Every structure is written in structure tokens, then in C-alpha cells.
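Visitor: Each chain, letter by letter, is given below.
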Amino acid sequence: MLVLVDCNSCYASCEQIFRPDLRGRPVVVLSNNDGFVVARSKEAKLLGIGDLEPFFKVQHLLRAHRVAIFSSNYPLYGDISHRVMTTLREFGPNVEVYSIDEMFLDLHGLQEDWQDYGRKIRNTLWRNIRMPVGVGIAPSKTLAKLANRAAKKIPKCDGVCALDTPEKWQWMQRRTAVNDVWGIGRRLTKRLADFGIETAYDLAQANPKILRRRINVNIERTIEELNGIPCLGLEEEPPAKKQIYCTRSFGEKLTDLSPILQAATLYASRAAEKLRTQKSLVKSIHLFLHTSPHEPNYYSRSAVVQTQYPTDDTRVIVRLVREAIADLYRPGCRFMKAGVGLIEIIPRALGQGDLFTPGQSLRAGQTMQAMDRINKKFGRGTLFLGAEGIQKKWKMRQAFTSPAYTTRWGDLPRVKT
Amino acid sequence: MKLSPLYGHGVACGFPSPADDHKEAALSLDEHLISKPAATFMARANGDSMMGLGIFDKDLLIVDRSLTPAHGDVVVVALDGQLTCKVLDQQQGRLLSANDDYAPIPIWEGQELIVEGVVKASVRYHRPR
Chain A
69 MLVLVDCNSC YASCEQIFRP DLRGRPVVVL SNNDGFVVAR SKEAKLLGIG
119 DLEPFFKVQH LLRAHRVAIF SSNYPLYGDI SHRVMTTLRE FGPNVEVYSI
169 DEMFLDLHGL QEDWQDYGRK IRNTLWRNIR MPVGVGIAPS KTLAKLANRA
219 AKKIPKCDGV CALDTPEKWQ WMQRRTAVND VWGIGRRLTK RLADFGIETA
269 YDLAQANPKI LRRRINVNIE RTIEELNGIP CLGLEEEPPA KKQIYCTRSF
319 GEKLTDLSPI LQAATLYASR AAEKLRTQKS LVKSIHLFLH TSPHEPNYYS
369 RSAVVQTQYP TDDTRVIVRL VREAIADLYR PGCRFMKAGV GLIEIIPRAL
419 GQGDLFTPGQ SLRAGQTMQA MDRINKKFGR GTLFLGAEGI QKKWKMRQAF
469 TSPAYTTRWG DLPRVKT
Chain B
5 MKLSPLYGHG VACGFPSPAD DHKEAALSLD EHLISKPAAT FMARANGDSM
55 MGLGIFDKDL LIVDRSLTPA HGDVVVVALD GQLTCKVLDQ QQGRLLSAND
105 DYAPIPIWEG QELIVEGVVK ASVRYHRPR
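Sequence lines, in order, name chains A and B.
This note's numbering applies: residue 69 is where the first sequence begins, and numbers increase by one.
This note's numbering applies: residue 5 is where the second sequence begins, and numbers increase by one.
Don't take every hint at face value.
[As the list claims (entries may be wrong)] With a straight-line Cα cutoff of 20 Å, these simulated PhoX-like cross-link-like pairs (lysine-lysine) come out: (1) B:K40 <-> A:K188; (2) A:K309 <-> A:K258; (3) A:K405 <-> A:K321; (4) A:K484 <-> B:K124; (5) A:K484 <-> B:K62.
If you're looking for bench data, these hints aren't it; they were derived computationally from the structure.
Every value quoted in this text rests on a predicted model; they were computed, and no experiment measured them.
Produce the complete structure using the sequences and hints provided.
Guide: In C-alpha cells form, the structure reads like this:
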């Protein structure tokens, strides 16, 4: 059996862990730079605050209902997510971290009363971490997703749903629209409608060979999975990213070129760091720069530049990025956001140059390694390119950040004695 | 913290160190104080109501959420929405302070007491940090 554990309103729940006064109350968490609402507690959802609403649009609603507002506190969320993972490993060693708030657990070969077992997992995560979760249990990933969805949607399930027999999953499939099946997007839903497939059950009963020929091989796999035959294994090691983006809004609108260049330098440095962590080199870089779409004269431009040779050298990448950003810049615009994307990435092992096209020098690689090691040991930002600027006025606005309760000594929760 | 026991050094030639056969891992304070890291959080004591048990203002509390609270345990509870440290008196259904200036807090029938964790240990600093 496979278990899918999904943290409820993950970031908002993290903010409630050391604030019992906020439990059962509306809480929202804002994105980087306090731009959008990215997490809402159940109570905040009931107030009609939508996902990804711009903060400025719902601000009055939040104030009126005295909603607790938080900026994203990634050190806290990362630590809590790690605790959830560690706790899950007590139930079975094979865990796939699907995202910061979703994990698959492989319990192959185990025989349990799965509803009970799911409840045990859920209770343990609440007691030990104070993280509320939904638990879906089924023989395949696609069914586990379906089970997890039911665990949340159906009040009677109370957060746990085991679809461990064909009768149970077919019952659920009859009540599930096909576009709610994992991996079935909007376009595919339309195509499936042509075959008269409306529900997950219709899809499960469809002929996989025919649909494979008419659509693609993935649909065949989905059909098998819906019938309890696992086709998708656990990915315990996440595959190397094929693209690395670092994009962010500035803390304030910028009209001058120089702070924009500084910000772009920081984004490029971050992306290069991630590139080195996954042992890759980049061949082409995507850049963009734009003003606010909510303001008149919206201006947005992007460019793609090639590196001379595959590289992971921050200095080389930054130089290219700065040149390109300077090209995209236009005086008089109030720029809101810039982004750097490393879009063509190859494994480092393939990056060797030859006599005629020399690759990155050994020294450059060593310099970068030394820089990464220093930053790892003494904290991010210990060593950085001067081009980032020292006083970062364009830095993210994070007006409502909670303490890093579990990762900083000065931020430990206070207990009244 | 690492308190180093005997460490054998690699001796290229000559008489091997007799300590090499008795090498053990260094002692870790984490291991001593924390049995379930994922369920443990640290907190700062704030106040004087637990002085009688040697928990003073600014002491470090090691709180384990996985332990089942028992009578007489020092626990952290959510009291009026605030994290509060008290002694659990299960027999009489109350929360006790360890300081005569503070009266016991009764837990009424039907009132839900949320224990946030059991205080396994507290750390007292004898030199201002």
C-alpha cells in the first residue's frame, strides 16, 4: 500500500504550532515580498479569501475579520516539513518527499487495518508536531491521490481515507470528475469528453490500449493506476531540476538601473548556487523584467542568452545577466519584478571542453566550491559579489515574519512560568 | 557538545596505541537530553512561578510532545491561548506552580486541557551568556 500524507494549509498550520491562541482562528501567509496570499487556514478560507489573491486586494477583509497575517517564514516551514518527514519514516523507511507539504510513504508488503493505520499516522503527526494532515491510502499513487482528496473533502472521513479494495475505489471514482484525477489537466479532460469519459470511473473502465494510441502512453498508466496496478514508483532521490528559476518582486518599485542590476545579480547568484548543488552546468539563461500589470503602461520584456561554454561560475553567469538586463531596461518605467532562469542545463560530467572549445577552468570550479563551503559554514550571504550591492533597498518586504522558533536561539518560543 | 574520550591516533609504525581498541563515539548532550528530535522543541522560560523546581527565568526548556503526560510531570500547556509551564496534578485535576505566590489552577469538569508537551529537562546557565 502507498500512503499520501498532505499537510493541511501547511504554512498557516506552521504558524499555529507555537501560537495556541491562533488555533481555530483565521490565519493567512503571504508570498515572498508580501505580494499574495499563499496559505489560508480553514477559518480564513471560510471568510472567502481566495488562493493567490493579491494582498492589497484582500487587506480590508483581513483587517475587518482580524485575520492573523504572516510573511513567509521558510526556516520554520522547512524545519517543520523535515519533522513531518522524519516522523513518517518511523512508519516505513521509504518516503518520497513530493513537495514541502506532501509525502508518499511506501508500505509494501504490510498487512494492516488501513483505516486504523491512517488514523494512527494522522494522530501521531498531530501529537508530536501539531501538524494537521490528510492521509490517503491506496495501492497506487493515482489512487492514493484520490483517497487523499476524499480524506479532506468528505467530513465523515475526518482526514483519513483508505481505498484498499476495488469496491471502495470504484465507489469513489463514480463520484469523482475525471479532471480531478491526478495528471488529468484541462486539455486532456476535453479530449476525454470526446470519448464519453466524464468520471474517474469511466476512465478506469476505458480501454487502455485504444486510449494509448489515440492520446499517449501516460493515459494508459493512469488507467492502470486507477485499477490498483501501481505504475509509478517512489522517487526517493528527486531528479535534478531541468530548469532553475529565481524570480522575485522588488521591495519597492524601481526606476533606476543600478538597483535592478543589483537585484538581478543576487537572483543570478542564487540560481548558480542551486545549479552547483545539483552538480549541473548551464548553457542558456532566460531573463525578464517587468512593471506592475496593475499600473498603466505595463512594460514587460524578456531575453535568452547563451553562455560561451557550459558553466556554473557565478561570476560568468552574473556578467551575462547584467548585460542582458541592462538591454531590457527602459528609463522612466517603474519596474516591479525581475527574474533569472537557467533554462538549458546539463550534468557537470558532460561539461568537459576540448582543445578548440575550452570549457570552464578548473580554478573557477574550485573558487565556486570554496565560496559555497564558506557560505554553508558561516551562513548564506557571508561571501557575495560586490555587484549585489551592500544596502539592498530593493530587498524583499517581509513585514509580518514570525520568529524562527525552531532554528534560531534568539527566537525560541516563550513559555510563561 | 563533544566531550572527547580517548582517541587513538594513526601511528605509522611502532607500538600501536592500546586505546585504539576502546574507541567510542563522543558523548552528545543532544542524545542525552533529546530522545525524539522530531517531536521535541526548545523554549525559553519566562517568569518565576516554577522556581521551587529549579526552573528560573530565561532557563532553557526541553519539551517532548511525544510523551504521555503523567501525574506530577512538569508540562507545557496551552492556557488562555498562551504556552504555560506548570506541574500536572492529575489526581486533583489541577495545575500547580512551584512557588507559593501562585495559587493552583483548577481544571473544571468538561474543560479541555491541552498539554503541549512534557518538559523533559531544563538547562540553567551559571554564567551569563
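Visitor: Hint by hint, say whether it matches the structure.
Guide: Do the hints match the structure? See the list:
Under the criterion of a C-alpha separation no larger than 20 Å, the hint pairing K40 of chain B with K188 of chain A is consistent with the structure, at around 17 Å. Proposed proximity of K309 of chain A and K258 of chain A is contradicted: the alpha carbons are some 30 Å apart, above 20 Å. Taken as a hint, the K405 of chain A and K321 of chain A pair is honoured in the structure, with Cα atoms around 8 Å apart against an allowance of 20 Å. With a C-alpha separation of about 17 Å, the suggested pair K484 of chain A and K124 of chain B falls inside the 20 Å cut-off, and the hint holds.
Straight-line distance between C-alpha atoms of K484 of chain A and K62 of chain B comes to about 10 Å, which keeps the hinted pair within the 20 Å bound.
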